[in-house]
Amino acid sequence: MTTTTDTSAGVGAPEAPRSTALAKRPSVTASAANYIDERTSISGLVKELGRKIFPDHWSFMLGEVALYSFIVILLTGTFLTFFFQASQTPVVYDGTYLPLKGINMSAAMNSTLHISFDIRGGLLMRQVHHWAALLFVASIGLHMLRIFFTGAFRKPRELNWMIGFILFILAMAEGFTGYSLPDDLLSGNGLRIIDGLIKGLPIVGTWISYLLFGGEFPGTEIVGRLYTLHILLLPAILVAALGVHLVLLVINKHTQFAGPGKTNDNVVGVPIMPVFAAKAGGFFFIVFGVIMLMASLFTINPIWTYGPYDPSPISAGTQPDWYIGFADGALRLVPSDWGFMIGDYTFSLNIVAPVLVLGLFIVAVAAYPFIEGWITGDKREHHIADRPRNAPTRTAIGAAGVTFYAVLWAAASSDLIATHFLLSIEGVIRTLQITLILGPIVAYQITKRVCLALMKKDREIALHGFESGRIVRLPGGEYIEVHEQLSDYERWRLVSFQDYKPLMIRPNAQGRISTLERARGAMSSWFFEDRISPVTNTELEQAHGAGHGAVETGSADGHEIGTGH
Amino acid sequence: MAKSASQDPLTKGRVRKQGRRSPLASIALILIGLVATGGVYALFTTSANASTTAASSALTTEGSKLFQANCATCHGMNLEGTKVAPSLIGVGAASVDFQVSTGRMPAAASGPQEEQKPSQFTAQQTQALYTFVASKAPGPGIPSKEYLGGNDNAAQGALLFRTNCAMCHNVAGAGGALTEGKFAPALTGVKAKTIYEAMETGPQNMPVFNDKNLTPMQKADVITYLKYLDNNPSPGGLDLGNLGPVSEGLFLWIFGLGTIVGVTIWLTAKAN
Amino acid sequence: MAQHGDSNTASGTAVKVSRAPESPGTGVVQSDIPQNPGFPPHNPRMTDLDPNKEKRAERQVAILFFLSIIGSIFALAAYIAYPIIPGDFGSIRTNNLLLGLGITLGLLGIGLGAVHWAKQLMREDESVELRHGTRGTPETREKAVEVFELGNAESGFGRRTLIRNSMIGALVLTPVPAIALFRDLAPMADPVKLLQHTMWKKGTRLTHDPTGIPIKASDVTLGSAFHVIPEGLLQRTDMLEQKAKAAVLLMRLLPQDLHVTKGRETWNYNGIIAYSKICTHVGCPVALYEQDTHHLLCPCHQSQFDITHEAKVIFGPARRPLPQLPITVDSEGYLVAQSDFHEPVGPDFWERET
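Protein chains in written order, with our numbering: chain L, 715 to 1279; chain V, 389 to 660; chain E, 4 to 357.
Be careful, since some hints might not be right.
List of simulated lysine-lysine pairs, DSBU-like, C-alpha gap at most 35 angstroms [what the hints assert, rightly or not]:
no., chain 1, residue 1, chain 2, residue 2
1, V, Lys471, E, Lys196
2, L, Lys1170, L, Lys815
3, L, Lys1171, V, Lys658
4, L, Lys761, E, Lys56
5, V, Lys471, E, Lys146
6, V, Lys658, L, Lys1162
7, L, Lys766, E, Lys204
8, V, Lys524, L, Lys815
9, L, Lys766, E, Lys146
10, V, Lys600, L, Lys1170
11, V, Lys524, E, Lys219
12, L, Lys1093, E, Lys265
13, L, Lys815, E, Lys56
14, L, Lys761, E, Lys315
15, V, Lys471, E, Lys56
16, V, Lys658, E, Lys146
17, E, Lys58, V, Lys600
By construction, these hints were calculated from the structure, which means they are not laboratory data.
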């Protein structure tokens, strides 16, 4: 604690002596800082941001994982562009890898093999790039789940949720365009699926595919076009959106979990300079290190075994990278014979149905903050993150969504599930079809009940403490178990959460109830009908009688403890 | 799948095979022991008065006995087949050798398909069996050694493998799913002769690749490629079972993200 | 943000900031809430209490940074000492492994060191910063409105409706030429016509994929599956585009096993049948032929086709049977196509039946 004594005076005080000290003894750092400040007035920025407070919780680091893996992707991707040729010009492979010697392939595939086998560290960079890409999308997904389940998307952060959602879509697009660049058999068949998917779209499908591929599939244009998207257009939009995302994070400041001393009007945590900077900076190197470790030990995307793209061969177990899996799974789960004719035109419901379902799912995810905001009508700012149990309906919806996504995801590996668990493909697919419908419902119900039960337990503990396991015989001969009371600090975590009531629909000025208001009322009672209110002060005082001081020892009021409510 | 793929990708294949081993394996092993003793005895008695034709006819007799004892119930006394098993007339030595030496025949309990298990017969007995079957009607013979060396054109082999084999067996020979619980087995570590015989005879649901479809030289190229895969581990490191993006994705979520979440917990925990 | 405070834990709960009341909606505004107990007392760390522990932590951080230096040097050394030797495939693996592990150590050393430093030695008690409503203060908002009003007044944007509306019209129309420019992403030809035909025509020989050697009817024995391309494909400059439509799977069944519909009686040759290999779902090669069950399976989305019933769909998301290529033999005994497919191959598309 010796280090903290002189900093307690606030920002202004230590700033002044430091600057006079700098004036006295102009070191190299000081003169460099002076040089820059006189040209950029950066001191203002440092003053504003340098001591910003960042709350500490493990789940608050997930977005950073995404940011850091993106930096790793940029670094390694730049290296790869120096060697990669985004061209489908046919060449004959004449490199190190024996089983492809003399085989026709595109310049793209050839240069990827060159990077892998002839450039020292080239394979490493490729593997780092690919592992980091998988991690990038995965960490975004986990980050979104954290935001969702803690309600951190509520006002004023709805827009940042939207931007984050756009980043997620962009990350998947980046992933898919990158995956297709080497022009190998696996990614080529992936493109073929995309081509078939686009062609199946009503009215515009044929033409979109034709324009995208620059003629008939596969054509000679697609790799170059995807390359432009992959290294120019998509990253530019991604970086811009990322910038806005982070600026809004600074403006809104980070949410925090409820805790003693924490309120909706403060941020409690460590300052950026130096503790958070050291932790976050160190964390960048750790994330980079973990990716590097995976890349040095584990093969990813061995295009040399896949071989060059050719429309005739295919490999068993042809799957997209994990983040496209849910879309592939949706295609797999469609039953036979979905489709019909509209006059002379073919309407492929086996394509349109999964596209619509996925589209609705994605839109629902993007719009969720606005839907919940509309239902509650809550216009206040929320900076205290919910514990998931304290918003049972939202948590249950989240669990249903996760289940839905997980079933689609599992469906994308139905063949591998079949071979590895000795099942039949047909059985796996039929089971998943049923699970896709029933799974989310079951998950919703279970999660909601579990949340409510946990809230009840919290309430019980807040009021009466937890069971100590110590049995005491009262003078009257009655045996009771002594309940250990919580400390005020521990109790505060359990009792401070936001509570909502179902909406009472009232007629408007014209004495009518609009359909929209009716819908809102229905949604509201769905959300908040089952609710457990936070403990009030009066209840607390009743529970403890007058003896609020006996917090640590547990009260001896047998009848209170024994009967409860 | 997730666990085994991530924990130890190198031994995964082996674990799976063990998982598939029939509980009858130990009985089969005892049987093998007994039959092997008999086989050695038979070997001694036949080699006592040796001339090639005599040995051959002795082999046929031996094979006939083994056939009657182990195969005739299903395939018929004269190889004519029954309701439960196909006729073996004209299947040739290659087919018998493939089925018997990989333990697929005699069949175990009925499943979606006959699975590989330790062979019940010695090499000598297997030879006797296929000599006997081949003596009844001509069919594809045992492949010549010149095609099994594994030192032909790997690039040509890989090209043919991708077109003709990869859709079932996976580009890296890791195997794959077929309909109704059937599967195409992994080809890693399979003997060259077995691969050749499988191509030539098309066991179970595998199509036949006769010598006009894939010439013996082309079959040798395919074998060369598979042997290349066996002998050259992936330059990128451990291969996670060669199952493609699914095993990569699972590994990333479990190991990659798992490690990093662990780090975040350490990073934000209070020091004591 | 301008007036944020940085206070020690001892200063307790932050002061409430007065803020314009916003509607809580259906949220319950509780008046009877328990008291926020304020910050708990601070527990000092071992490194704060014991100078030896502090020294040890300092040493550990330094060791981690040194390990990082070693890692980076090791990576450099590995780069030089374990080059990729042409022809030696194992050298790539070694290079990848050692270079990667060196860099890993270099990165993890810094990362773990910095975090350990922050956790054990940097000031670790929590600080507090106040939040302020995200919306600007009334004065700021008023000023912003004023700026817009001034802009409107000085330009006459709201007043001069003719100018405004014509400008909006001009702006809306400017991107249109840009959209038109994208037409030439693809050639002029009509895609629908291209999709309706393949290379196959009367007399085209069926040849081996990938060698291009013609196939005789007698080569195709019972239980065989041949992967087939049309003769002359390998010489085409648009080889991949043609192959993506023309790839065919050739099989032989017992003629009595085939259920042939009217009009297709002559399309097979003694039980030899040819079907498009391109899945009618989204276009993967349907190449998994089970010679015993006569089922074809697509490895991408598990559609299954029954070859004995003219490749009708028996499972999975595909909607249409695989198109059949009518075949016969020529005078030399080679298999040839009787014509092109009688319908477009591959995935459904809107104008397919037109």
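Hint check results:
{"no.": "1", "hint": "V/Lys471 x E/Lys196", "in the structure": "violated, 51 angstroms"}
{"no.": "2", "hint": "L/Lys1170 x L/Lys815", "in the structure": "violated, 69 angstroms"}
{"no.": "3", "hint": "L/Lys1171 x V/Lys658", "in the structure": "holds, 27 angstroms"}
{"no.": "4", "hint": "L/Lys761 x E/Lys56", "in the structure": "holds, 33 angstroms"}
{"no.": "5", "hint": "V/Lys471 x E/Lys146", "in the structure": "violated, 94 angstroms"}
{"no.": "6", "hint": "V/Lys658 x L/Lys1162", "in the structure": "holds, 32 angstroms"}
{"no.": "7", "hint": "L/Lys766 x E/Lys204", "in the structure": "violated, 74 angstroms"}
{"no.": "8", "hint": "V/Lys524 x L/Lys815", "in the structure": "violated, 45 angstroms"}
{"no.": "9", "hint": "L/Lys766 x E/Lys146", "in the structure": "holds, 28 angstroms"}
{"no.": "10", "hint": "V/Lys600 x L/Lys1170", "in the structure": "violated, 75 angstroms"}
{"no.": "11", "hint": "V/Lys524 x E/Lys219", "in the structure": "holds, 29 angstroms"}
{"no.": "12", "hint": "L/Lys1093 x E/Lys265", "in the structure": "violated, 71 angstroms"}
{"no.": "13", "hint": "L/Lys815 x E/Lys56", "in the structure": "violated, 61 angstroms"}
{"no.": "14", "hint": "L/Lys761 x E/Lys315", "in the structure": "violated, 72 angstroms"}
{"no.": "15", "hint": "V/Lys471 x E/Lys56", "in the structure": "violated, 82 angstroms"}
{"no.": "16", "hint": "V/Lys658 x E/Lys146", "in the structure": "violated, 46 angstroms"}
{"no.": "17", "hint": "E/Lys58 x V/Lys600", "in the structure": "violated, 79 angstroms"}
Checked against the numbered hints given earlier, this structure breaks hints 1, 2, 5, 7, 8, 10, 12, 13, 14, 15, 16, 17; the rest are met.
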